[in-house]
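Chemist: Sequence:
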Amino acid sequence: MQWINLFIILSILIVLHELGHFLAAKATKTKVEKFYLFFDFLFPFANLFNFSLFKKKKGDTEYGIGWFPLGGYVKIVGMVDESMDKEALKQPPQPWEFRSKNVWQRLLMMIGGILVNVVVGIIAYVISLGAFGEDYVKPQDLKYGMAFDSSAAKLGLQNGDIITDVDGVPVDNAAKVGYMVVVNQAKELTILRDGVAKNLTVKEGLVKTIIDQKGSFGLPRIPTVIAEVSPKGNAEQAGLQAGDSLIQIKGTDVRYFNDFSTYLASQKNKTITLVIDRDGSIIEKNVTVNEDGKIGIAVNNNILSFFNISHKSYGFFEAIPAGTAKAWTTMVDYLKQIKLIFFSKEVKVKDSLGGFGSFKKIMPSSFDWQPFLDTLALISLILAVANFLPIPGLDGGYILFLLWEMITGRKVSDKFLEYANLVGLVLLFTLMIFANGLDVWRYFGGK
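For what it's worth, numbering that gives the first Met the number 0 labels the leading residue of the sequence shown as 0, then goes sequentially.
For the record, the hints were derived by calculation from the structure and aren't laboratory data.
Note that the coordinates shown come from a computational prediction; the quantities given were computed from them, not determined experimentally.
All C-beta atoms, glycine included, are put in the ideal place defined by N, C-alpha and C.
Heads up, a few of these hints could be off.
Distance windows between CB atoms, simulated [claimed, not checked]:
#: 1; residue 1: 316; residue 2: 432; range: 39 to 49 Å
#: 2; residue 1: 409; residue 2: 153; range: 52 to 62 Å
#: 3; residue 1: 229; residue 2: 192; range: 53 to 63 Å
Required output: the full structure, derived from the provided sequences and hints.
Modeler: Structure follows, in structure tokens:
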């Protein structure tokens with residue numbers, strides 16, 4: 000279902016992005032030869048394997064669906080890109096061509112797709128906030144504190160600490176703690192430890208630690224309460240029951256699940272003695288840990304069972320500025336992530352870069368309107384920022400050359416654009432192969 004949701008969202012956003020270019024071209028009386036969802040060639044090689052799954056000509060434009068599902072395009076007549084007609088570019092510019100338009104008109108055509116992505120992202124967030132509001136847990140409501148592993152402990156954090164501020168900015172949603180620290184490369188944290196607030200200077204290595212933990216940093220600590228016992232598993236054979244609260248193993252406190260799972264992983268293929276609270280009575284059970292460090296139980300991880308969930312509703316006129324602000328924050332944070340991946344000493348590109356497999360991980364596992372709208376907004380805004388990057392082959396590369404023309408009054412030659420576009424496309428294609436290759440590598444156990 001996640002792959003289906005990803006396919007649907009990307010298809011919608013590709014069509015809308017290209018529609019932005021298409022409408023801008025029409026507004027400037029520029030001919031559009033093709034409007035395609037997916038490529039009808041082996042991208043980025045415009046003359047290889049040219050065929051489409053569907054096409055229909057209407058007016059000057061051929062509308063179709065290509066066979067290569069890694070994007071889409073509009074072929075604007077007279078524009079230097081991967082689908083250009085090199086022979087036509089040797090002829091004098093015609094009034095309906097991209098080349099004949101003034102710099103402002105060309106800029107509008109290039110920025111059209113990005114603007115649509117931004118608008119779609121804002122609208123999706125506005126609808127989501129207006130219709131469903133926001134659910135979140137305040138850090139102060141985590142009555143058991145947050146969970147940190149041994150690597151975080153070396154950097155000054157302890158199990159049970161609650162991070163309330165990151166570089167002086169209050170954390171309004173406990174689920175965002177790790178994200179805020181990483182994206183902002185935080186220098187100082189304010190924590191609550193045993194009810195007392197204290198400042199903690201972030202030591203070098205915390206960002207890497209959070210990334211290595213793959214989303215488990217600062218998760219709410221929850222009691223180790225059994226929700227389900229696997230039939231015929233070791234726990235059932237030992238007499239464990241749903242509702243049992245686990246307290247100790249050999250004198251080690253395991254009343255919180257993060258402590259329990261960490262300790263269990265060190266006891267593979269061993270028999271352990273569990274101290275259990277069952278309806279107020281303390282009992283002991285001997286159970287064997289299997290080779291995977293499991294005993295055959297599922298714990299109650301329903302946050303609603305342990306914490307107060309805060310809900311914020313938005314009226315129509317409140318949702319508009321809130322959705323716009325959320326979209327702006329999303330784009331700024333994505334730029335920070337790009338900077339972090341490619342320019343930070345603490346982060347390795349191979350550990351953080353990902354392709355479609357990484358996108359799939361953020362997709363909801365089943366269809367529901369709120370996560371669908373939120374994911375649609377997120378990916379739309381990511382596409383807007385990515386396309387705005389000043390790299391030849393992307394909209395941002397073309398925009399960079401147009402801004403150069405506006406500032407200097409000198410137009411970049413078509414030949415230079417052709418070569419720059421070719422180099423950019425090769426780099427982008429290589430990066431795409433590398434990113435998706437990393438996804439495959441991780442899927443098969445690579446680290």
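Chemist: Which constraints among the numbered hints does this structure fail? Numbers only, ascending.
Modeler: 3
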